[in-house]
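Protein chains in written order, with this note's numbering: chain A, 1 to 483; chain B, 1 to 1034.
Hints in this document: simulated from the structure, not taken from any laboratory. Note that the Cβ used here is the ideal one computed from N, Cα and C, for glycine as well. Worth double-checking, as some hints may not be accurate.
Estimated spans, in silico, between C-beta atoms of each pair [to be verified]:
no.: 1; chain 1: B; residue 1: Asn869; chain 2: A; residue 2: Gly124; range: 50 to 60 Å
no.: 2; chain 1: A; residue 1: Glu473; chain 2: B; residue 2: Asp554; range: 13 to 23 Å
no.: 3; chain 1: A; residue 1: Pro93; chain 2: B; residue 2: Asp425; range: 50 to 60 Å
Incomplete in silico selection of chain A near chain B, CB under 8 Å [unchecked claim]:
no.: 4; residue: Pro171
no.: 5; residue: Lys198
no.: 6; residue: Ser202
no.: 7; residue: Leu203
no.: 8; residue: Ser208
no.: 9; residue: Thr218
no.: 10; residue: Gly228
no.: 11; residue: Leu232
no.: 12; residue: Pro237
no.: 13; residue: Arg259
no.: 14; residue: Asp265
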Amino acid sequence: MTDDSTLRDQTRRHFFQNCGVGIGRIALASLLAQQFGTARRASADDAASPIAPKPTHFPATAKRVIYLFMAGAPSQLDLFDNKPMLTKLEGKPLPPSVIKGQRYAFIQPDAAVLGPRFKFAKHGESGAEMSEPLKQLATVADEIAIARSVHTDLFNHSPAQLFFNTGSGIPGRPSMGSWLSYGIGSEADDLPSFVVLKSGGSLSGGASMWSSGFLPSTHQGVPFRSEGDPILHVSNPAGFDSQAQRDSLDLIRSLNEQRLDVIGDPEITTRINAYEMAYRMQTRAPELMDFSQETQATLNIYGAKPGDGKAAFANNCLLARRLAERGVRFIQVYHAGWDHHSNVEGGIRGQCAQTDRPCAALIKDLKQRGLLKDTLIVWGGEFGRTPMVESSAALGRSMGRDHHPQAFTMWFAGGGIKPGVTVGATDDLGFHVAERPIHVHDVQATILHCLGIDHEQLTFRTSGLDFRLTGVEEHAPVQEILA
Amino acid sequence: MKTTTSVLIAAFLSTASLTPQTFGSEGPSFARDIRPILASRCFPCHGPDEQHREGDLRLDERAAALDAGAIIPGKPDDSELIRRIFSTNPDERMPPPDAKEQLSERQKSLLRDWVLNGGDYEPHWAFIKPVRREPPTSKFDNRARNAIDRFVFARLAAEHLAPSPEADRYALVRRVYLDLIGLPPTPEEADAFVADSDPRAYENLVDRLLDSPQYGERWARVWLDLARYSDTNGYEKDRPRSIWPYRDWVIRALNTDMPYDQFTIEQLAGDMLPDATLDQRIATGFHRNTMLNEEGGIDPLEYRFYAMVDRVATTGTVWLGLTVNCAQCHTHKYDPIQHSEYYGLMALLNNADEPDLPIPDPTVVQQREQLLAQIDKLENDLVAAFPPLPSSEDKAATGPDSKPAATEAERREQNFNQSFARWLDQQRQAAVDWKVQWPTNLESNLPRLEVLDDGSIFSTGDITKRDVLTLTFDIAVDQLPITALRLEALPDDRLPAGGPGRAYYEGRKGDFFLSEVTAKLGDTPLQFASGSQSFGKISIGSGDARTANVFDGDGSTGWSTSGHEGEANQIVLNLKAPITAAGSLTIELLFERHFAASLGRFRISATSDDGTPAATTLPVDLEAALTSEGDLEAATREQLQRQYLRIAPELAAARRPIDALRNRMPDLPHTQIMHERPADNLRPTFRHHRGEYLSSRERVEPGIPAVFDDGSPPPTNRLEFARWLVSDHNPLAARVAVNRAWQAFFGNGLVATSDDFGTQANPPTHPELLDWLATEFVTDGWSQKRLHRLIVTSATYRQQSNVTPDLLERDPNNELLARGPRFRAPAETVRDIMLKASGLLSPKMFGPSVYPPQPASVTGLAYGSTKWNASTGEDRYRRSLYTFSKRTASFAAYTVFDAPTGESCVARRNRSNTPLQALTLLNDEMFLEMARALAADAVTQSGEPNVGSPDAAAIATNIFRRLLTRPPTDAELTAIIDYQKAQLDRLNGGQLKASEILAGKATKNSALEQRADQASWVMVTRVLMNLDETITHP
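With the rest of the complex left out, here is chain B (with noise of 0.2 Å):
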């Protein structure tokens, strides 16, 4: 029995509970004083984790400790455990002398007599399900409004505490407000309130919040949290993406009160629901939430790994409130999480493609049609533009018996019909007959290749750096010879941007590189001779994209048709000698550059033609119209008049207005989905050693830990892990979900570790409350409005928050719930305060996220220098939920407010108190501007301001009621209105310059000069905007 240094050593750990709790005959209980002991000093090295068990003994499970004699119940002096904790021999003595977690007499005296009352075992409470008890009665009933406030009084009658007075109605209504949309109350919505005599007038308040659209706003953020959502793709370079409509899913889900476990399977599993909707496909973006390192050179699926061993942790602290994450390395020291076992549900979650999903929004599509009507009306009008022939009246000077002059109709249609036939012959010489070559085997390294209807070749799975697709063809005899072979790059709307290649990081979206084409016919090697192609481009780097780089041996050089994503392209690819006998011919395609670039989808065709085939720019089934004998059909006729069209160099000029509107052509807006892969190409998911990359070991089968097996069939997928999260076999789902909404109204949840409620944490301060909760909560079909509107309707929620110093003293954290809640508001809220109380606020709902203004050095420290484009109109006024949300940059008032930067899952936010906080409020721009529009509203709405007169206070009032809520004190105006004196005394005396407050800068203007009453309300709104009050919770 021996600490290895290694282990993580609890060294700021404490698992004292709130007040030393005395025991009764029993004995000290398991789950209360013992667990928590063993727990941190004995687990480690006699727990689950077999790798780090020493001398074979396991301490947490009774039967273990029995056999071992480690424990003898009812004879602690027999115990091999008892006498080890007790011993003086160092050699002996448990923990180990070296050990940096020692017990504590008073921790030895409780084992011992655990020991002596027999040693029982009881399972970790989380892990047995909720058990619904009667709320307990207490003298403090006659205060209570339902059933959250008997557990609660009844604890604090225990305790020999007593619950505070209810709070003012100023108070309440900002308390209510804030809590349930996020915004204060204007001041009018505030006194409607207080003046309101109905009984059921707080009840009524509260229906009302519940069923605002700023509802779903609010509580959308608390989620967002969780989901770690984000408007960028973090690491190194922090490309922008689109997921905001999994945003705005999750407002409407908020909004409609889409039951909790709906909510769920939603998320986790919605694109594998029967039918699924496109809404529950956008739903699914919850795990596309995770980061993507698009760093040149990195190894994907490595950084793929790391976005699974997220999707693990972060489905564990949401639905299982389970520290999951301890086990990706080694099997978990505290709680009965083995490795494999973590292993397992990532196997549940392992098995999707992550593609973008194009949103059919009606509107977009309407302007696309649009604008492609007017194209090809306008594309049908060329042949009007078409220049005429020459006038033939200078030829009819010449011969008296000419015809009369052709109008310049009659010579424009002459010359079209012209130079069409001249283009069409051409075409018709240069037309290849290919035929396409229908695979008969397809291997690749990693991605799986299927052959279309069309005998193109598609792939999907996982790409790497470097990928060889090997494909063969068997070659009959009446195909030879063969004198050169194409190979088509085809567009298709499930590839990254259209395609044709499945580049989605570093790269252009949608880009390819290919870098070696070898063929063979049985084990002889072909060579090429020359090749051609329709467009050549490479992205990154100065390199070109020569067809011949294709089988010049260079790995490093290749072909791509980047900026032509959505497009077809081609290259042919001439054989030295031709192919004159039939069999197996292999073709084998290596992809090879600093980011994954594989085709995505492509055809091989192969040509008999004597010539020197070449590579064309004419739709493949053109040119093959062009190659059959015979009249063409008129519609391909009028294809490739159209076709003519759009490159006749004579029209360059007229098909300017043409190009201007393709370059409007909108694109669909698009979000990150999950797509489950078919049955036929599950990806395999591995144990890793140590939890590394690099280390996979034996193959692991989906599952959940042994610990949740009640019997019950367990779930094998996604779907049906989403499922059992929300099922009575998780006994776990519904406190956790509870506990989070209770935090977001207490400032601290039931179990204060909202991320964790496995064996370390500290137990609930209200365990039978919790659980009440948590059966109250599915009972009532998952409904979170439902439970939100319980718990503000409590007397509990509804106390005023003084804090007595006796009660600071007794109860700093207020964990026996003795106070209201008060506490600083989130950071979005902070601003949303300020721009509510300011009137710019804009009632904007959904869409792109937006950019309120903030300082360019933000994101000018950003890889890139990216800039911050601040907008304009009532985007720069939008709630804060809507601002965009760059991970390496993020909103530097957020920020400073402890608001996440989407790296990881957030259970809980950190509340800060800090300088910086002081020096945003006191001086970022943005709170100016929202201070210059507060201040020049309430001036208007207050009249003419004159010092000293009843309006300068009307005008305080109105500020600091915006701001505050309640009105202000005769203290508190009368200092105010001091201040606001002594500025107006320095502005009117040159000492401030008003133009400057009022304009933010340095400014000619001199009709602002004169507004210096203005500018002393801006600096009277300024102070008030940094006040304690004016970001807390009251």
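Looking at chain A on its own, in the form it has when it is part of the complex (with noise of 0.2 Å):
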């Protein structure tokens, strides 16, 4: 038996005692017989699939996410928190009052404060306020909602990306893309319901960021290869063409069906439906992959340039809305490269000139192909950047910034999110947050909130706990940024 079966079982469970409410009982033990199969001696066709969709605590304003993450962690004060009492006070430390112990990374808490590196100025009818290098952005001011008070518990890239992913900066817990698979599953049945896409360098938290921890591995992060096949081993081998693939496929198919008739462990249904689905998703991947059906206009909207490592963002912001498309849940688009402790102003322009096209264009894509209603964009990273100067002689470092989790901004758009508004804000100093905190967690509660699921609810036993992504404490979406 597998586990799977186990948490079929819980699911059922907890579906029957907590989800009763507006449908008929009956009629909901149905669907989910359907969907689990209670048939013990299960036909080879109607053992369902573990990501196959499943109900939601309330209705969804969501459907799917694309979470932008900015790994690295772009400096807040250079781009979203205009913060003009820097100038006037750079050169000079900030005093310990302010400070307050927090540990730092690299710099001493007296290091001396850092004016903005940009102009910025207000855009769109809401007057959302962006620096410079965020032209595009821009555009789509009124589409987007901006937190500047978002705070986070951990000040190290790897932990701190961890926490963002997985609501603990211990690897080894299930990864939020995972939680959605296991809470409600997927649309798609010829693809994961999770999928990671990369760019830049290198990621600090690594592949514990769509680790399932201690949810069933069916529900794993799929992350997509820049190099060799895309998803790993979905290309026949070498001299192995579609025929000999399908032919191959039908013989394990037949003596696994032999097999079943005499030992009847309904594992090996289990199994025969899961050769069946690589099979789709063998026969899927070319044509997902394939960018030759999008107009020139829509490459050039993000700056996508098939092939072109250099639009590496652009070619994943595309990807990922062909992927949105195909109906995969949780679309974790990775772009490392903002962690700026030397020469923040250099930094930021570079990486807007990576990443800030592709984020508008994305917006403007799925509203035209009427997808953004019903998808979330998240983008932010995993902490925000010191008011203070950087600058070391060992390390060769000026003029940058070290880590600051006390306050930063991230942005939120698509199903469920209020266009337009500006939630939180900062003290004059752009170190602690003044207004409206939100906490890592409530982040994520906002997440599946919007997806429909309760956060206290989406829980799973282990080690004697019933863990789940948003932790022990009290957290709760953010409102003032929903619908």
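If you follow the hints, you should be able to join the two separate chains into one complex; please do so.
Written out as structure tokens, the structure reads:
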């Protein structure tokens, strides 16, 4: 018996206990019976996929998520959170009363203040404030909700990235995409429910960020590779054409079915179905990756250039849209390169050159295709950057900013999000949150909420605890950014 | 009484036992029926946790519940508990209407019946010592082979079920091979057993397998899941670590059947055993398998704390079967573990340093000795390579009186002697008379400093990103004046990479970074005018390592000797104004970097030299010898000469072979161990509010939770704790261990949650059997092999695993054991099955981990785009146990089959069944390589194939049996041969390219193109490798 079967039982119980309101219990029972397969002596056709869609706790406003994770932590002070006071104080240290014993990764607490490196302006009818390098995002200012008061518990990359993705700074917990796959399944039966795309430099959080942790590994994120097969082993081996593959799968199926007749173990049925889905993925993947179906105009708005590594983020944004169209539940687009310990000004310019246009294009393209209304887009890093300058002779650094967990900015768009609002504020130094603190777990609760999930109800029991993505403390969706 | 929403709610929790139990006149059973209800519905607010207790009422202790009037025995209607749960008043009702966990009508009536029957409590079964009961009898006793069967069959009889017939011999031999050694039998091995008419054939087979070296490899993998073994450090950088000697220790311990109590003690506290052996110290690697965060800028003590958290949790899982980890942040909601008791357990484990242990591997030691001898000889011979003086013949031509021309050898010697004398003279001129200063007082922010016999200072204990070491010296009148100070950074084998620094993450091991040196005499600060160094280089970053960096007032600049780990170096600091008065000299050393990098061993000296004393590259004893009056001793002169030979520019070319030999010098293998800290430097442990690193509160003494207090002296340190864990005083260790063994053989434990035997866990399916096995295990000397033998020779284990629709409906998870176990093999076994079937499997045991082939993109995705250089030769085909395990990019073909990634202790793997597994087995080149080898072997063994002839059937059967053990049925054989014929037609017809299938890539090899038959069998093999049965314990 697989753990999936236990899970099905648990989930079934859960929905019987908690999801009765508004749906006749008998109707629900039969619905679940279809999904989970009650017939124990199952034939090959009715054993359900563990990632088949499942009911939500309440009506969802978004069906899928594209999470643009800006790994390395962009400087909010040079992009969204304009602090003229820092210019006035430039060169002077902050008083210890502000710093309050915060530990830093690299700088000493008495480091001098560094003013914003760019001019800011207000954009759109909403008057959202952004800095000069965000030229393209400024054109969709009225489509996004900006949160300037996000804070986190961790101040090093790997733990902080894990914290955003798994709710814990220590590797080993299930990631958000895995929780979603486990909780509400996927709408795609020929692609994984949780896909990971990556561009830029190395990712500190690594594979733990798409791990299924203690959830069944079915819910693991599937990274698309930039070299070789996009999905590992999705291509046939050398020498095998599609008919050879089909013939082989037919024989595998026939032999498995013969064995099923003798042994009667439903696990064999599950395996037969897994091979069929594998074949569907093999068929689907080449079509998915084929950008020749896109018009030049579409390629242009993203700045996408198939096969060009310099346009990797733009290509990934376009691929994200294609994955969204095909029903993938959680599309994680990582872009690493924002860790500007030195020359934050040049760093920001460089990263915006790669990412500003594709981000804005994704919003426009999804909107034009009618997909924005039920696709949630999230943009943000793992923490913010200090109002103080980083410089170090040993490391050869100057005019940079160190890690800052106390306050930083994220933006949201699409399904369930109230467009054109700016929520929360920091103090005059951009150091602490002054209004509407938003914890990482609140961000996670917000994302789950948009997908129709009560973050306190999505739990899994292991090691004696009922774990959830959002930890044990009180957290809640950020109502101010919800439509 | 109100539930807080922040409490983790058991949304999916089921406490239902397999079949509804009926109870007799004594009412519901507390342990079986009542405690699970109380634990999940009531204890969160009325349980052991004081912080979250509502209304000052606790229901986990009977006396308290009685005192409060919550329970009045025999009078449910007067009992507040019963009144409240049946109340219709929302202000009174319990659990409160907004609580997520409500009571069912059945649960309410159970509680009522229980109070009516006296409301008795009993301790949780797992906290009572196992009781050995006589195995029961049943109508199936004639089929019982040992005590296990009598327990299992009695339960089956009570459930009106019957055991299944014994599995056929092919299934049996395959099952017991896979279970005991993790490899399938070859067809010959299987046939030998099938044909063996000895009534003890099966038992004999079991004994052979238990004696096989592969037994230790198979069971080591199970233990390594618990040990969270990995070959890398985890987190961002996830660099390699060397701890495979620990893995090898586990294999050997299992193969020699080391008793489980000893196995435990050596792993937890082998270093503390009297006269600990090398092996016992290697064994302590168990708790060094925690992750190490090497990201720049982290707080190293924070991640050490998380490693401790992991150690407590792992110890709890492995030896207590308890979710001790739940008490990290607050008192356990359900089990009797107080918040402070959690830190008491941590304190037991928290007093060790964590060094690397070099292992004097005899082969490596010998290689080193040989190389050193060669180097010594070559250095001796260097004089002979010294250039001779120009020939005197030229001069001879100018004067008839000149002596006979000197031979080349003579001129060579002459030149050497002259050059050496010049150099020696220079050295003598520069030599400074240094006096080692013995500190009178040592202070630091955290590390423990001690003075060694040579006046050097040695640092142990914990270090931070900003270490300040303050040294005090008494300067006596006879030392005056002091014109300069010297700081030597000294190597020491006890330090990482031999020192001199203590850096152990992010930077180079053994590195240091001296930011600032400040000195004062009394209260008067001393100024440095200049400085010099023997060598300086920093790692990470573009900065320089000038001596002046240590007195420039900038903490971000400094001195370091990166790349010269294991060597001594020095800086000399010249005072602006000499010290001319006696007094107390205070020297403060600041080490400030984005990683912890203070010095591990160093020494301070002073001089009165009135020149400009400077640092030297000469060893300090030679420099000292040069400052003394009179002739040099012969030995000293010899050493100086050797020193000169090593640096003389004239010999640069001649020394190249020596440098090459030095580069070939193999390092000793090393492994990570625990080393108990001395009594004068115990590491204090504190309670951490909400489990947060930064919120430490009162100090906590080592100790075990009160629930285990049986009046015997409690353990106070790691060794005593290890001994306690496997003593009679711990009711859990044996139960938890036998349950895990049961799980490995049957797919599920008798307690399904093999990591949780607490009050929230479902009770054992066969409690008496569990206790019987636990007591048998202990009585039998904690022998794991005998335990395994007992299980696999039972009739229960030997049943066939066919599932009838009735049985599937009645007992889908086979908890009642009316049939044999059938489950998909663990990830490593999946590959090992294919390796053995293909004939490629290497029998090589032990040593550093190896790299079977996988796509470059797997590790290409990891931080730093790590390269995966696939092993060649037999290392490519070693058992999967030996595959290099990288935490952030674990071997893809294992992860997809649910292998753990070593991030935390895993007592029970998931067993999923997914499309990605299908893609891996179908298309991963690693498996194709095995398919090609298997097919080639089978074709060779079965003679030249002619389609449709008996040979095709023979080949097909051969391939089938290597992978599945049993012979194919006629229908299976027909289907396979039909497929093979069809593919052969396509191959012969040019629709498929045999060469590509056989080479694994496009190739112009026309010989391969002729092997269509062979290619068709590769295709057959690939199909058979993908059958459910191939990767399943039958």
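*Can you give the numbers of the hints that this structure goes against, from lowest to highest?*
Those not satisfied come down to hint 2.
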